[in-house]
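Participant: What follows is the residue order along each chain.
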Amino acid sequence: MKAWNPFWKLAAAAFALCAGFAAFAQDERWSQIPEGAALVINLNLGKLYSSATFKAVAESGDVEGIRDDLKGIPWNKAGTLPDPIIVYAPRMDESYAMLVGTDKTPEELAGDISARYGTKRTVESQTTGLGRMITVKKPHKNRKTQQIEMRTDGEILYLTPRTVAFGRDKHGLDLPFFAAERLPASTFATLQNMPSDTVAAGLLLSFPLPAADDPTGLSALVESGDFIVSEYAPGSASLVLNLECKGEKEAELAARRLKSFVRITLVSLFSLDKDLFKELNSSYTSTSTGNRVKFEAKLPKTSLDRVRSYYLMEQALLDAAGSIADAIGAALK
Amino acid sequence: MKKTIKIVLAVLAVIVVLLLVLAALVISAPKSYPYTVADAEADAMTAAEIVDMISDAVVDDEGNIPEIAVVTIPPENVNALLRIAAYRLNREIRDSGIECSFGWDDSAVRAEASIPLPLSLAVVARGSASPVIADGVLTVPSLSLRAGHLPVPNFGFVKDRITADDIKDEKTKLAFEAIHDLSASQDGSLQIGVYPEKISALTRLLLIEEE
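These protein sequences, in sequence, are chains A and B. Quick note: the first sequence uses the working numbering, first residue 1, plus one each step. Quick note: the second sequence uses the working numbering, first residue 1, plus one each step.
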């Protein structure tokens, strides 16, 4: 067998690199965002859980709940936890859907779920109009009848051979597997290549609140947007939010409104520490160019450490005030 | 005997006529307050301007937070906010058949509710008041209540003087205590002075409860 000509070796290596890059850039989960979705967030769980900056976020109930739900299913042959794309739509009402990558076929996944849970779960597999669906059911005691019934714990819908939509329903409603129509890949071009320090990246496809429920008035101004949350230095955090508005005047108003809303939030949280408030209030900018708005916030480690101390201090003060008030109230009875 | 019967019948007739007149004054056809999605969008935009007004009030030109932040809200913005509030309330109580309308007219809050009765009839209740908060006391001078076309005296329906001690709910109490003063100006604007530090206390309470 002839040895490979070095030129062809280089070409093969370059091709493999490009193919790998293209595969990442063409992450098919982005092209499977269902119609009706308002907000999608690509969560880098590895980064989120390894970063001291985002520890509080990672340990919050919502993120822990998402991770627990993901851990419950053996998605990959390597046993790793995939990064989900969380899909939010206004009508979902406390249910959620995630787009998850898997390297198992429906039969393999159903089999592995059954092997993991044994009799504690019932796994059903069927072909639907949208794709192959796996339904996982767990026993539930009906309070009224005291009978044990199998209730849906989660549904997995194969949108492509490697991408599944996974949802949990909290209210007995139909899970949000509305039509999985493809959106143009170009829509997600800015988010295809997430820098390594990115914790979360997301798209705002439509404003999730109707006008009457939106105190900021942004629903009438904004058409779409995207954002990235990252740790630009150890212990620091940054947020970049880009909005596409309905026109130039709308963009100017949206930029101003965002600034107002953030300022009010900071006052309502930090008015007892005037220096901290000033520091935080000067950490962001909100500008408009044409019909676009760019909101940028950068919080260095020192600011975040101060926020953490402030919150802990205030909680202690509130606890102390509560104890004193209780003691006085008891003494006066 | 005949005379007694005639008197009784006459009295009964007067009572019946009075009741009919009362009914005619109070009962009417149900009232509807049309409010489209386009109205909600327009009012949301106008009401949201209040966010900018509050933002300008809570930080001064040097970037400092004042002890009392004073916001003056023009009548059209107060009106928009109240209309949106009515729209959201109507959404929640849709099943009851009751429909409400709120507004801000001539420096007073106006509230109207169409309360359904059998036979496709209703009582339209109306109220208006100019709330004032000063020295920790909420008063409602110029309170006016009507049922249909009939003026109704305030038999304790609305407390005309409220202090923080009257409020049981802790969050509402804190929100009340965060207000330094509230009144309507002569041009119809609503002026509110708030303590930013007390808003901060309320926010933290809400956040801790969330956890």
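Note that these hints are calculated values from the structure, not bench results. Treat the hints with care, since some could be wrong.
Chain A regions said to be covered by chain B (calculated; three or more residues, Cβ under 8 Å) [as the list claims (entries may be wrong)]:
#1 136 to 144
#2 210 to 217
#3 254 to 261
#4 278 to 290
Keep in mind that this is a model prediction, so the values were computed, not measured. Where is the CB? At the ideal position from N, CA and C, for every residue including glycine.
Participant: Each hint: holds or not?
Facilitator: Evaluation of the provided hints:
no. : hint       : in the structure
1   : 136 to 144 : violated (count 0)
2   : 210 to 217 : holds (count 8)
3   : 254 to 261 : holds (count 5)
4   : 278 to 290 : holds (count 3)
Of the numbered hints stated above, the single one contradicted by the structure is hint 1.
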